[in-house]
Amino acid sequence: MVALTKSTTQFLAWTASKGIETPLDLNERSDGSRYTTAKVDLDNTSDILQIPISACITSDSLDGLAERLAYERKLESKSEFAPYMDVLPTLEGGDNPYLATLPRFWESKRLERVADSGQLERRMMNDARKDLDQWALACVDSRANFLGDGRYAMTPWLDMINHDASIQTRARIEEDKGFAGLGDILQLQSGKNYAKGSEVFISYGNLSNLDTLVDYGFVSDTNPCNTETIAVRMMGQQPFTLTVYPDGSVDAGSKATLRYNLATPEELEIFSTIEKGTGLGILAKPLSDRNELDVQSFIASTIDEALYETKAGAAEAKDDELINMYLSARQKQFELAIERITHKFPGIEY
Numbered sequence: 145m146v147a148l149t150k151s152t153t154q155f156l157a158w159t160a161s162k163g164i165e166t167p168l169d170l171n172e173r174s175d176g177s178r179y180t181t182a183k184v185d186l187d188n189t190s191d192i193l194q195i196p197i198s199a200c201i202t203s204d205s206l207d208g209l210a211e212r213l214a215y216e217r218k219l220e221s222k223s224e225f226a227p228y229m230d231v232l233p234t235l236e237g238g239d240n241p242y243l244a245t246l247p248r249f250w251e252s253k254r255l256e257r258v259a260d261s262g263q264l265e266r267r268m269m270n271d272a273r274k275d276l277d278q279w280a281l282a283c284v285d286s287r288a289n290f291l292g293d294g295r296y297a298m299t300p301w302l303d304m305i306n307h308d309a310s311i312q313t314r315a316r317i318e319e320d321k322g323f324a325g326l327g328d329i330l331q332l333q334s335g336k337n338y339a340k341g342s343e344v345f346i347s348y349g350n351l352s353n354l355d356t357l358v359d360y361g362f363v364s365d366t367n368p369c370n371t372e373t374i375a376v377r378m379m380g381q382q383p384f385t386l387t388v389y390p391d392g393s394v395d396a397g398s399k400a401t402l403r404y405n406l407a408t409p410e411e412l413e414i415f416s417t418i419e420k421g422t423g424l425g426i427l428a429k430p431l432s433d434r435n436e437l438d439v440q441s442f443i444a445s446t447i448d449e450a451l452y453e454t455k456a457g458a459a460e461a462k463d464d465e466l467i468n469m470y471l472s473a474r475q476k477q478f479e480l481a482i483e484r485i486t487h488k489f490p491g492i493e494y
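Residue numbering for the sequence shown follows our numbering, starting at 145 and increasing by one per position.
Quick caveat, the hints were computed from the structure, so don't treat them as lab data.
Remember, predicted model here, so these are calculated numbers, not experimental data.
Any given hint could turn out to be false.
Here are the simulated DSS-like pairs of lysine-lysine, each with C-alpha atoms no more than 25 Å apart in a straight line [what the hints assert, rightly or not]:
#, residue 1, residue 2
1, Lys253, Lys455
2, Lys150, Lys183
3, Lys218, Lys162
4, Lys183, Lys340
5, Lys222, Lys162
6, Lys183, Lys336
7, Lys218, Lys150
8, Lys488, Lys253
9, Lys476, Lys462
10, Lys150, Lys222
Computed spacing ranges between beta-carbons, pair by pair [as the list claims (entries may be wrong)]:
#, residue 1, residue 2, range
11, Asp271, Gly292, 19 to 27 Å
12, Asn350, Leu206, 13 to 21 Å
13, Leu206, Arg266, 36 to 44 Å
14, Gly327, Lys183, 25 to 33 Å
15, Glu343, Lys218, 28 to 36 Å
16, Met269, Glu413, 36 to 44 Å
17, Leu235, Glu319, 18 to 26 Å
18, Glu318, Lys183, 33 to 41 Å
19, Pro409, Leu255, 41 to 49 Å
20, Arg314, Glu343, 34 to 42 Å
21, Pro383, Tyr215, 20 to 28 Å
Glycine included, every Cβ here is placed at the ideal spot set by N, Cα and C.
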């Protein structure tokens, strides 16, 4: 912890003037990142934030929120949110956390080191919005929250609290509660007990490592919500995505697709004997011992191929902590999946 910068001190004075109440302290590290600690002992029912909605920048859509944020930034000191804008991360570095840590701003050489079968590249292409201000879009992607009434918000203070996927964060909106004339109040509970002085966390949602890498610039090697995906293409068939869950299990949809794709004509005859529209339910269970062995062998082979690439990539990226952690977690999940399959099907070839 270091002394607060001038911009952070001014931000805290501004939040108080806006009626934001919290039993938390805002702290800074030498790299410019921020974190929150408890001023007093807190239990899992304690409100850790009370924020008037009027103190938030809001919009009915994420795109609209990015446009609103870009507009407020152009106003500079004339914006009523100027002290908040001054503590948002930048693309240029300085006192505030650096948005260039997000993969969307990486150089191509660094992106090429992410050996995840194109998972990151596909996600970034899907999320790209060249028509929007890229600074504002990155801030919204990494800091906005849903209010529950159809609106999205950039919420001062809330976006300074770090993420812990194991916490059950609860939020609610109380009508006309708090400071007179400030309207509805967003109230937040962390859902965990904290001793005075300890760092306080919230959950940003059930996010995979890909989600947190793309939008927040970090990953966890112990993420209970992590899922890893592999794009599968079979000759003559529609491509699909195979998903591996934290416990090493594979999504039911992929198994159902493979049961159908790998079935013999005889095994497919059952579909002609059942009522129209009910056939897919049969694929939720093995069609036959032979078919299921082929399905599991295909899954193991597909995962093993992705594992080989990921493992090599993690070893090559030892000098890049973020990429190495991302790939190592992916590697661990794939190894668990193959272990699960080989345990259930001893001697399976793949």
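Okay, the hints, checked on the actual structure:
The hinted pair formed by Lys253 and Lys455 meets the criterion: a straight-line CA distance of about 19 Å does not exceed 25 Å. This hinted pair checks out: Lys150 and Lys183 have alpha carbons roughly 21 Å apart, not beyond 25 Å. Under the criterion of a C-alpha separation no larger than 25 Å, the hint pairing Lys218 with Lys162 is consistent with the structure, at around 21 Å. Proposed proximity of Lys183 and Lys340 is supported: the alpha carbons are some 5 Å apart, at most 25 Å.
Only pairs whose Cα atoms come within 25 Å are accepted, and Lys222 paired with Lys162 is accepted, the gap being roughly 16 Å. Proximity of Lys183 to Lys336 is assessed by CA-CA distance (about 15 Å); at most 25 Å being required, the pair is judged to hold. Simply put, Lys218 and Lys150 have alpha-carbon atoms about 21 Å apart, close enough for the 25 Å limit, and the pair holds. For the given pair, Lys488 sits about 41 Å from Lys253 by alpha-carbon distance, which is inconsistent with the 25 Å threshold.
About 16 Å separates the Cα atoms of Lys476 and Lys462, which keeps this hinted pair within 25 Å; it holds. Distance hint between Lys150 and Lys222 is fulfilled; the C-alpha atoms sit about 19 Å from each other, no more than 25 Å. For Asp271 paired with Gly292, a C-beta distance near 23 Å keeps the hint of 19 to 27 Å intact. For the pair Asn350 and Leu206, the beta carbons lie near 18 Å from each other, so the given range of 13 to 21 Å is met.
In this structure, Leu206 and Arg266 break the distance hint of 36 to 44 Å, their C-beta atoms being roughly 20 Å apart. Our hint of 25 to 33 Å for Gly327 and Lys183 holds, since their Cβ atoms are close to 26 Å apart. Range check, Glu343 to Lys218: Cβ separation about 35 Å, and the 28 to 36 Å hint holds. For Met269 and Glu413, the Cβ-Cβ distance of about 41 Å falls inside the hinted range of 36 to 44 Å, so the restraint holds.
Between Leu235 and Glu319 the C-beta distance comes to about 38 Å, which lies outside the given range of 18 to 26 Å. At about 22 Å, the beta-carbon gap between Glu318 and Lys183 misses the expected band of 33 to 41 Å. Our hint of 41 to 49 Å for Pro409 and Leu255 holds, since their Cβ atoms are close to 45 Å apart. Between Arg314 and Glu343 the C-beta distance comes to about 19 Å, which lies outside the given range of 34 to 42 Å.
The hinted window of 20 to 28 Å between Pro383 and Tyr215 is violated, with their beta carbons roughly 41 Å apart.
The structure shown violates the earlier hints numbered 8, 13, 17, 18, 20 and 21.
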